Amino acid sequence: DNIDDKCLRLWVEDLGANATRSYRLMDGVNGAASYPMPEIETGEDNWPTAVRWADGELFRAPIGGFHALEMVGLAPRWQYKKITKQPTAAERRKARDQNATVSEAVPEGGATVSDTGPTIIYE
1 DNIDDKCLRL
11 WVEDLGANAT
21 RSYRLMDGVN
31 GAASYPMPEI
41 ETGEDNWPTA
51 VRWADGELFR
61 APIGGFHALE
71 MVGLAPRWQY
81 KKITKQPTAA
91 ERRKARDQNA
101 TVSEAVPEGG
111 ATVSDTGPTI
121 IYE
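The sequence shown begins at 1 in our numbering and counts up by one.
For the record, the hints were derived by calculation from the structure and aren't laboratory data.
Please read all numbers here as calculations on a predicted model, not as lab measurements.
Relax, there's no trap hidden among the hints.
Taking CB as the label site, the calculated pair distances span:
hint: 1; residue 1: Lys85; residue 2: Arg9; range: 44 to 50 Å
hint: 2; residue 1: Tyr35; residue 2: Leu74; range: 52 to 58 Å
hint: 3; residue 1: Gly28; residue 2: Ala54; range: 30 to 36 Å
hint: 4; residue 1: Pro87; residue 2: Ser114; range: 44 to 50 Å
hint: 5; residue 1: Glu44; residue 2: Leu15; range: 40 to 46 Å
hint: 6; residue 1: Ser103; residue 2: Glu44; range: 17 to 23 Å
hint: 7; residue 1: Pro87; residue 2: Pro118; range: 43 to 49 Å
hint: 8; residue 1: Ala54; residue 2: Gln86; range: 41 to 47 Å
hint: 9; residue 1: Asp97; residue 2: Pro38; range: 36 to 42 Å
hint: 10; residue 1: Leu74; residue 2: Ser114; range: 43 to 49 Å
hint: 11; residue 1: Pro76; residue 2: Ala50; range: 33 to 39 Å
hint: 12; residue 1: Ser22; residue 2: Glu91; range: 56 to 62 Å
hint: 13; residue 1: Asp55; residue 2: Gly117; range: 21 to 27 Å
hint: 14; residue 1: Glu39; residue 2: Pro76; range: 41 to 47 Å
We put the beta carbon where it would ideally sit given N, CA and C, even for glycine.
Generate coordinates for the entire structure from the input sequences, incorporating the hints supplied.
Spelled out as structure tokens, the structure:
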């Protein structure tokens, strides 16, 4: 049924192609599974800047960086083609610097954090 708060989601590990499995819902919960939680460092705005899990580093800032490329002059399509047609990365970078400006997106306001148990959500 599509009734609010009456939804079942499950994850099945190692289910092969064209395989089927049959499951039956239990009457109760035998206990919550426990998993090691990551170590999360956050900045002043509460957005994550680094995450480590056990002995491995998942990422270091910046994460999810977004850059906007604004073409300078007339006919932006043609200016963009000038950049992409350059044969080497150094030449593309030089053409980009001559024909466009790059701006970086910055999060607006601080993050709100929700911990659902298996998932930590930053919004």
